[in-house]
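Required output: the full structure, derived from the provided sequences and hints.
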Amino acid sequence: ETGVTQSPTHLIKTRGQQVTLRCSSQSGHNTVSWYQQALGQGPQFIFQYYREEENGRGNFPPRFSGLQFPNYSSELNVNALELDDSALYLCASSSGQPNTRNTEAFFGQGTRLTVV
Amino acid sequence: DAKTTQPNSMESNEEEPVHLPCNHSTISGTDYIHWYRQLPSQGPEYVIHGLTSNVNNRMASLAIAEDRKSSTLILHRATLRDAAVYYCILRKGEGSGAGSYQLTFGKGTKLSVIP
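Residue numbers (the working numbering), protein chains in the order written: chain A, 2 to 117; chain B, 1339 to 1453.
To be clear, the hints were calculated from the coordinates, so they are not data collected in a lab.
Do not take every clue at face value.
Pairs of lysine to any residue residues, derived as SDA-like cross-links and limited to a Cα-Cα distance of at most 20 Å, are as follows [stated by the list, open to error]: (1) LYS1445/B with GLN42/A; (2) LYS1448/B with THR1410/B; (3) LYS1445/B with GLY59/A.
To spell it out: a stretch of chain B is covered by chain A in this simulated footprint if at least three of its residues, at any positions, have a beta carbon under 8 Å from a beta carbon of chain A; those stretches are [said to hold, decoys possible]: (4) 1343–1353; (5) 1376–1387.
In this text the structure is predicted, and so the values were computed from the model without any measurement.
Ideal Cβ positions, reconstructed from N, Cα and C, are used throughout, including at glycine.
Printed below as a string of structure tokens:
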């Protein structure tokens, strides 16, 4: 059973550009969530996808968008990058219904995005 | 959202037990208590979760107060590999639908293990 893998591991972008981050879920997991973690802070929930539909969103603007594919892999897209978007972006996958409180999430190692 | 309060940092000697406290006085009756930890340069890792009864697994034990307003994560013998930030999280579990899976992380407790 493979774990959650994210690519790329590191990325440098210029302010105003667009970026796409990728996540491959753990085998058999149908729910994926994305988190942003600024330096010294805990991860902040961006949104969640279940069966290719967005199923919950945190306090992030519309320029943060995502996709989930039939194989449950996922993308996070950020348009019009700002300096404050510099952070570690984490993907987490889980199995079962997305509203189940009794399941654990498996996180990838993250993508470190630097906006200059 | 129900919030949790944890000490910013704790220290432990290697091979001694560690008790990491968490207060969650506004917990609702159906919220599960989850613990995750994050080792340096890694994503968070699930540790344990519980609802009302104390729980044990291969990594740790979770002791939940009778009124559920606090809980304690217990590492029975701290190793250097246990040095991490530990997050106590209440699963947002009111009904189904939007955002009900999200994990709301605070700043956690940074555990240092002294050789």
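Each hint tested on the structure:
As the CA atoms of LYS1445/B and GLN42/A are separated by approximately 6 Å, the hinted pair is consistent with the 20 Å bound. In summary, the hint linking LYS1448/B to THR1410/B is supported, as the alpha carbons are separated by about 15 Å, within the 20 Å threshold. With a C-alpha separation of about 17 Å, the suggested pair LYS1445/B and GLY59/A falls inside the 20 Å cut-off, and the hint holds. Look at the region 1343–1353 of chain B against chain A: 0 of its residues bring a Cβ nearer than 8 Å to a Cβ of that chain, fewer than three, so the hint is violated.
Beta-carbon proximity to chain A at under 8 Å applies to 7 residues in the region 1376–1387 of chain B; the threshold of 3 is reached and the given coverage holds.
Hint compliance for this structure: hint 4 is the single one not met.
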